[in-house]
Amino acid sequence: MSTILHAIFGYLFLLLIVRVLSRRPGGQLTLFEFVIVFLIGGVVILSTVGKDRSVTNCATAILTVGLMHWLVSSIKGKYPRLGAIVDGTPLTLLKNGEWQLEVMRGMRIDREDVMAAARTKGVTSIYDVAYAILERNGAISIIKNEK
Amino acid sequence: MATKPFSGPVEDSVAKVNDEVAVGEDLDFQRKWWRFENAAWIIFTLIIVLDLAGLFGRGPIAKAERHSADGAFDVKYERIERTDSPSILTVQFAQAAIQNGKIHLYVSNSLVKQLGTQRVIPAPQDTVVGEGGLTYTFLASRPPASVDLALQPSGPGIYDFTIGVVGSQPVEARVVVVP
Numbered sequence: 001m002s003t004i005l006h007a008i009f010g011y012l013f014l015l016l017i018v019r020v021l022s023r024r025p026g027g028q029l030t031l032f033e034f035v036i037v038f039l040i041g042g043v044v045i046l047s048t049v050g051k052d053r054s055v056t057n058c059a060t061a062i063l064t065v066g067l068m069h070w071l072v073s074s075i076k077g078k079y080p081r082l083g084a085i086v087d088g089t090p091l092t093l094l095k096n097g098e099w100q101l102e103v104m105r106g107m108r109i110d111r112e113d114v115m116a117a118a119r120t121k122g123v124t125s126i127y128d129v130a131y132a133i134l135e136r137n138g139a140i141s142i143i144k145n146e147k
Numbered sequence: 001m002a003t004k005p006f007s008g009p010v011e012d013s014v015a016k017v018n019d020e021v022a023v024g025e026d027l028d029f030q031r032k033w034w035r036f037e038n039a040a041w042i043i044f045t046l047i048i049v050l051d052l053a054g055l056f057g058r059g060p061i062a063k064a065e066r067h068s069a070d071g072a073f074d075v076k077y078e079r080i081e082r083t084d085s086p087s088i089l090t091v092q093f094a095q096a097a098i099q100n101g102k103i104h105l106y107v108s109n110s111l112v113k114q115l116g117t118q119r120v121i122p123a124p125q126d127t128v129v130g131e132g133g134l135t136y137t138f139l140a141s142r143p144p145a146s147v148d149l150a151l152q153p154s155g156p157g158i159y160d161f162t163i164g165v166v167g168s169q170p171v172e173a174r175v176v177v178v179p
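The listed protein sequences derive, respectively, from chains A and B. With the numbering used here, the residue at position 42 of the first sequence is 42, and numbering never jumps. With the numbering used here, the residue at position 21 of the second sequence is 21, and numbering never jumps.
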């Protein structure tokens, strides 16, 4: 019983912390952020399973987290507002040749991050970028200028 | 016959930037989220400060001390404990607590069960069960003399305990065990 409650609390707490921390999962993870994710995950595991390290207890915890994930995903699909809360919304970082400084400051994203994303698309100059969009998964999409 | 899969018409429902790129940006929502984030960081900082102060145990606020009315003994304990975390409750005895070279220390059941007494240091010479608790007997010479009880609460809650020396006024105290 306590494992299930701890797993639910751990899932929601981790979701909140990761959501509040920043939006840079997946391919955008830096080494610094890897440290955060693994450290938080390790600490949550400790309180979730407690002293009971049996297969039954660990399986229960995993099933609970899986169920929570399925539940949140299902509700997200039904209520777009929850999707925005959990995943955020795409944000424009650069448009019409202007940096969107409010967004960049709010999302703690540097111009170098945008340029790094541009380079992966073969763009060598920032002037060739028409739009830079921060996606919900943390990736930065680059749309080139049509000359 | 195979069931036909669900399908629907494609709609251009995603909000566009400059009427050109379908992004689905919602800057009003994002501004609200940033305000929420700022509030969350303030709350997180507050939680850490309160934790350092001991509001959730293991800090200056958590430490407590009680004295028996006749000065026979003092009890040092943590008024805020954490579930499954060890702590020490120390009883220091004055000369008045020592009778015929012995100290008879009474502890209520709540100290043994809910607050999880794991060990008594030093081991008592004798233990008597009754009166809603245990009475330990220790051989003693002269003060300073003390006994430690290693506690480890098994679950969260608010627990009252009584501790006393036979022939002296007992001390009652409350411990909050946080999850």
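Among the hints, a few may not be true.
Okay, the calculated beta carbon distance ranges per label pair [what the hints assert, rightly or not]:
#, chain 1, residue 1, chain 2, residue 2, range
1, B, Glu131, A, Leu5, 45 to 55 Å
2, B, Ser146, A, Arg108, 49 to 59 Å
3, A, Leu14, B, Arg35, 18 to 28 Å
4, B, Trp34, A, Asn145, 49 to 59 Å
5, A, Asp87, B, Glu20, 32 to 42 Å
6, B, Ala22, A, Ala59, 24 to 34 Å
7, A, Ser54, B, Ala53, 29 to 39 Å
8, A, Ala59, B, Glu131, 40 to 50 Å
9, A, Glu98, B, Ser13, 54 to 64 Å
10, B, Trp34, A, Asp52, 38 to 48 Å
11, A, Leu14, B, Gln152, 19 to 29 Å
12, B, Ile48, A, Asp128, 18 to 28 Å
13, B, Ile48, A, Glu146, 49 to 59 Å
14, A, Thr120, B, Ala22, 55 to 65 Å
Simulated coverage check for chain B against chain A, where a stretch passes if three residues somewhere in it have a Cβ under 8 Å from a Cβ of chain A [as the list claims (entries may be wrong)]:
#, stretch
15, 32-42
16, 138-144
Keep in mind the hints are simulated off the structure, nothing from the lab. We put the CB at the ideal spot given by N, CA and C, even for glycine.
Hint numbers contradicted by this structure: Hint check: 1, 4, 5, 6, 9, 12, 14 and 16 fail, others pass.
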